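Chemist: Chains as they are written, first to last, in the numbering used here: chain A, 1 to 394; chain B, 1 to 356.
By construction, these hints were calculated from the structure, which means they are not laboratory data. Among the hints, erroneous ones may be present.
As the list claims (entries may be wrong) - Taking CB as the label site, the calculated pair distances span:
1. G58(B) x R277(A): 28 to 34 Å
2. A16(A) x A261(B): 52 to 58 Å
3. V56(A) x E323(B): 44 to 50 Å
4. E238(B) x R278(A): 33 to 39 Å
What the hints assert, rightly or not - With a straight-line cut-off of 25 Å between C-alpha atoms, the simulated DSS-like cross-links for lysine-lysine are:
5. K232(A) x K256(A)
6. K232(A) x K104(A)
7. K42(B) x K174(A)
8. K232(A) x K174(A)
9. K104(A) x K135(A)
10. K104(A) x K43(A)
11. K244(B) x K135(A)
12. K244(B) x K232(A)
13. K11(A) x K135(A)
As the structure is a computational prediction, the values presented were derived from the model and not from experiment. In this text, a Cβ means the ideal position worked out from N, Cα and C, and glycines have one as well.
Below, each chain spelled out in residue letters.
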Amino acid sequence: MTDDLFRQEVKAFIAAELPRDMAARTLLGYHPHRPDVEFWTAKLHARGWSAMSWPVEYGGPGWTLNQRHIFEEECFIAGCPAVNPQAFALVGPIIYALGTEAQKQRFLPPILQGTHFWAQGFSEPNSGSDLASLKTRAIRDGDEYVVNGQKIWTSEAHYCDWIFLLVRTSTEGKPQAGISFLLADLKSPGITIRPIIGIDGGHILNEVFLEDVRVPAENLIGEENKGWTYAKQLLGAERTHSAEVPRCKGLLARAKAVAAAITARGRPLIDNPHFARRLAQLEIEILAHEATLWRCVSEEEAGVNLGSPTPSILKVKGTELAQRAGAILVEALGDDALPEYLERDYFMAPPAGAPGEPLAYGVVSDFLYRRSMTIYGGTNEVQRNIIASQLLRG
Amino acid sequence: MAIQFIPSEVQTMLRDGLRRWGGERDVRVAEDFAQTWQFAAKQGWLMAGLPEELGGLGGDVFDMAVIAEEFGRALVRAPYVEVTVAATVLASVAADRVAAIVGGETCPLLAHDEPDARGDHDWVSTTAEADGSDWLLTGLKSGIVGAGEADSFLVTAQLGDRGIAVFEVAAGDGPLHTFVTFDDRSAGNLRLEATRATLLAAPDAAAPVLSAALDQRLVLESAEVLGAMERAQEITQEYLLTRKQYGHVIADFQALRHRIADMFIETEQARSIILRGLGALVDGDSAPRALMAAAVKARVTQAALFVCGNAIQLHGGIGVTDEYPVGHFYKRALAFDQRHGGSARQVERFAELSAR
Numbered sequence: 001m002t003d004d005l006f007r008q009e010v011k012a013f014i015a016a017e018l019p020r021d022m023a024a025r026t027l028l029g030y031h032p033h034r035p036d037v038e039f040w041t042a043k044l045h046a047r048g049w050s051a052m053s054w055p056v057e058y059g060g061p062g063w064t065l066n067q068r069h070i071f072e073e074e075c076f077i078a079g080c081p082a083v084n085p086q087a088f089a090l091v092g093p094i095i096y097a098l099g100t101e102a103q104k105q106r107f108l109p110p111i112l113q114g115t116h117f118w119a120q121g122f123s124e125p126n127s128g129s130d131l132a133s134l135k136t137r138a139i140r141d142g143d144e145y146v147v148n149g150q151k152i153w154t155s156e157a158h159y160c161d162w163i164f165l166l167v168r169t170s171t172e173g174k175p176q177a178g179i180s181f182l183l184a185d186l187k188s189p190g191i192t193i194r195p196i197i198g199i200d201g202g203h204i205l206n207e208v209f210l211e212d213v214r215v216p217a218e219n220l221i222g223e224e225n226k227g228w229t230y231a232k233q234l235l236g237a238e239r240t241h242s243a244e245v246p247r248c249k250g251l252l253a254r255a256k257a258v259a260a261a262i263t264a265r266g267r268p269l270i271d272n273p274h275f276a277r278r279l280a281q282l283e284i285e286i287l288a289h290e291a292t293l294w295r296c297v298s299e300e301e302a303g304v305n306l307g308s309p310t311p312s313i314l315k316v317k318g319t320e321l322a323q324r325a326g327a328i329l330v331e332a333l334g335d336d337a338l339p340e341y342l343e344r345d346y347f348m349a350p351p352a353g354a355p356g357e358p359l360a361y362g363v364v365s366d367f368l369y370r371r372s373m374t375i376y377g378g379t380n381e382v383q384r385n386i387i388a389s390q391l392l393r394g
Numbered sequence: 001m002a003i004q005f006i007p008s009e010v011q012t013m014l015r016d017g018l019r020r021w022g023g024e025r026d027v028r029v030a031e032d033f034a035q036t037w038q039f040a041a042k043q044g045w046l047m048a049g050l051p052e053e054l055g056g057l058g059g060d061v062f063d064m065a066v067i068a069e070e071f072g073r074a075l076v077r078a079p080y081v082e083v084t085v086a087a088t089v090l091a092s093v094a095a096d097r098v099a100a101i102v103g104g105e106t107c108p109l110l111a112h113d114e115p116d117a118r119g120d121h122d123w124v125s126t127t128a129e130a131d132g133s134d135w136l137l138t139g140l141k142s143g144i145v146g147a148g149e150a151d152s153f154l155v156t157a158q159l160g161d162r163g164i165a166v167f168e169v170a171a172g173d174g175p176l177h178t179f180v181t182f183d184d185r186s187a188g189n190l191r192l193e194a195t196r197a198t199l200l201a202a203p204d205a206a207a208p209v210l211s212a213a214l215d216q217r218l219v220l221e222s223a224e225v226l227g228a229m230e231r232a233q234e235i236t237q238e239y240l241l242t243r244k245q246y247g248h249v250i251a252d253f254q255a256l257r258h259r260i261a262d263m264f265i266e267t268e269q270a271r272s273i274i275l276r277g278l279g280a281l282v283d284g285d286s287a288p289r290a291l292m293a294a295a296v297k298a299r300v301t302q303a304a305l306f307v308c309g310n311a312i313q314l315h316g317g318i319g320v321t322d323e324y325p326v327g328h329f330y331k332r333a334l335a336f337d338q339r340h341g342g343s344a345r346q347v348e349r350f351a352e353l354s355a356r
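So that you can see chain A by itself, here it is in the shape it has in the complex (with noise of 0.2 Å):
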């Protein structure tokens, strides 16, 4: 099938299945709501186009890499509920490529469904950046492992029914060499979640506290200590997701959007050749960023690694274009992008009448909430490190 065919595939189906309330809330930029999320999930399921880049074998439909990217940018721009990123695009891999049969039959088809969310249990208050010295311990009591310790940074967790945690189980040797990668219920004893409110006002983040969580040894992700190596694995992935270009792409089309209907001294805002100027210098830069993706998919997609830090510059360059273009679109707005509009006041009582109705809601407590995506998934200092030790190795 020709992309052309395959994209207008996709967005039929949108145009079927994806109630419009559902998009016109997906598109205010708010985070994302269990049941929407549900919803969506299930539809893709009964299509079979869940999960976008799993093996066929897994459950995944089959797709060339170009098929994903076209995929994920039309969901995006039709405001489609974004599936779990944790289960799907983290934690799945893993099971598929290091889990047991009976972790496979377990785990996979509930992720598939929709039926279950996955968190990341990752970072630790003093390991940030420098992941590798964590300390949330967990020690082999018979079929047990019993784990204590503190995760922070946990997106989703509150609605999350599992989440996949990285623990020391050794502080021999190097810091790397004594971690594990272990699967943990949330609902089991001992896990408490506190809510992190963002500089949004909204709800994402979560601190998990762990005290003496008993969890079954056969949750253990492949072997005691090496959770380390299938840590690095993902964390590749993640930055690939980080290309961030439907964003971009949708953020720039908002705010031209914007642009055309709001009226800047008795013109249209987009007739604004300086405005206009600036918004094509970001157009391009996208389209460079955009094409960069396209080569790093073509070579993966050819088995073919012309050695540059591919995933770095992605995320390096993905997040921080997403960022202009969030301000472009705040600035767009003018006086009133001023009001806050907060989540729940919009979901419990959209304000009637309010400055800034409805262009303006949701997109500043958005922009301040990406203000993380430079920090999060190593930030983009460490990814400019990244890149200097590929380029500087002697």
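Since chain A is already given, all that's left is putting chain B on it; use the hints.
Modeler: Same frame as chain A, now just chain B:
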């Protein structure tokens, strides 16, 4: 140009007192307005920079900038700059009203901006129609910070084809839509639909005073944001010296050292251009003053977004949380950029004004 580079003894004492007071404030939450305002009045902070014959302490905008900067460091939500701007207008057109302002008894605010204006000082589409000895105003005034605390609004409107005049609308009379800004300040839009008003200044009298007040607003709000930048910078420096990763305090990493140096350079550029702007306000010559005010807003916003944005970045995860202060400084910088024409728009204005 009358730039005062070295603070006077009086200004230093003023700053010390304000800093002690502001240092005790939790920047994450709004203060009690009435209590703060009465305290500020008692301390004489509302009198600074106003002529003695009107109940002020003498002095000039350099004194006001000291107060604005310290209020910015402490992220005081009260509309200090906004009220001084209203006082500047009233000092020229209804001087007997100023004493009540500096005493903290009344809190008038200028309602000039409209969503379409984008920083154009003479863009006013609100209209005034005579009705006996009163006037009826129709139009939309936006982004009035402090609106919830105001007892009256000084509203600009087109008086037929004669130009822009200043009217007064009592707070209870205008259909005010109040809201909280994303940087946690009380604000409002005034929707005027044949709303009754009294005339304060006819176009001829209004033009020079408005132009001075609006330039003053840009420079003093910039001084407020300078305070926010300074504090974000200091908190970040402290954090770099305490946070450890990879067995080192993160202040040991060169990339972060360069960044904090760049932040400091930006803060100092902002401080310098604000002094130039204050000098232009004191000189009072309207064309260079307008040009410099646009330059101040453009440059300070650019610096503030860099400094406060990087304050978040250098903190990592903790920086994007509501319970940590740096995000609140960033929000102030972003809201400042959004009001009366952002930095990009001020660069355009600078070019337009230069060409005149």
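Chemist: All the hints need checking, so say for each whether the structure fits it.
Modeler: A quick look at each hint next to the structure:
The beta-carbon spacing between G58(B) and R277(A), approximately 47 Å, falls outside the hinted interval of 28 to 34 Å. Hint check: A16(A) to A261(B), Cβ distance near 56 Å, so the stated range 52 to 58 Å holds. Look at V56(A) against E323(B): about 46 Å separates their beta carbons, and that is inside 44 to 50 Å. At about 35 Å, the beta-carbon gap between E238(B) and R278(A) stays in the expected band of 33 to 39 Å.
Of the supplied pair hints, the one linking K232(A) and K256(A) is violated, its CA atoms being roughly 38 Å apart against a limit of 25 Å. Annotation: proposed proximity of K232(A) to K104(A) holds, straight-line Cα distance about 21 Å (limit 25 Å). Taken as a hint, the K42(B) and K174(A) pair is broken in the structure, with Cα atoms around 63 Å apart against an allowance of 25 Å. A hinted pair counts as satisfied when its Cα atoms are at most 25 Å apart, and K232(A) with K174(A) qualifies at roughly 16 Å.
Pair hint K104(A) plus K135(A) does not hold up; C-alpha atoms about 28 Å apart against a cutoff of 25 Å. Between the alpha carbons of K104(A) and K43(A) the distance comes to roughly 22 Å, so the proposed pair stays at or under 25 Å and holds. With a C-alpha separation of about 14 Å, the suggested pairing of K244(B) with K135(A) holds against the 25 Å cut-off. A distance of roughly 22 Å separates the Cα atoms of K244(B) and K232(A); the hinted pair therefore holds under the 25 Å criterion.
Proposed proximity of K11(A) and K135(A) is contradicted: the alpha carbons are some 47 Å apart, above 25 Å.
In summary, the structure is inconsistent with hints 1, 5, 7, 9, 13 from the numbered list given earlier, while agreeing with the others.
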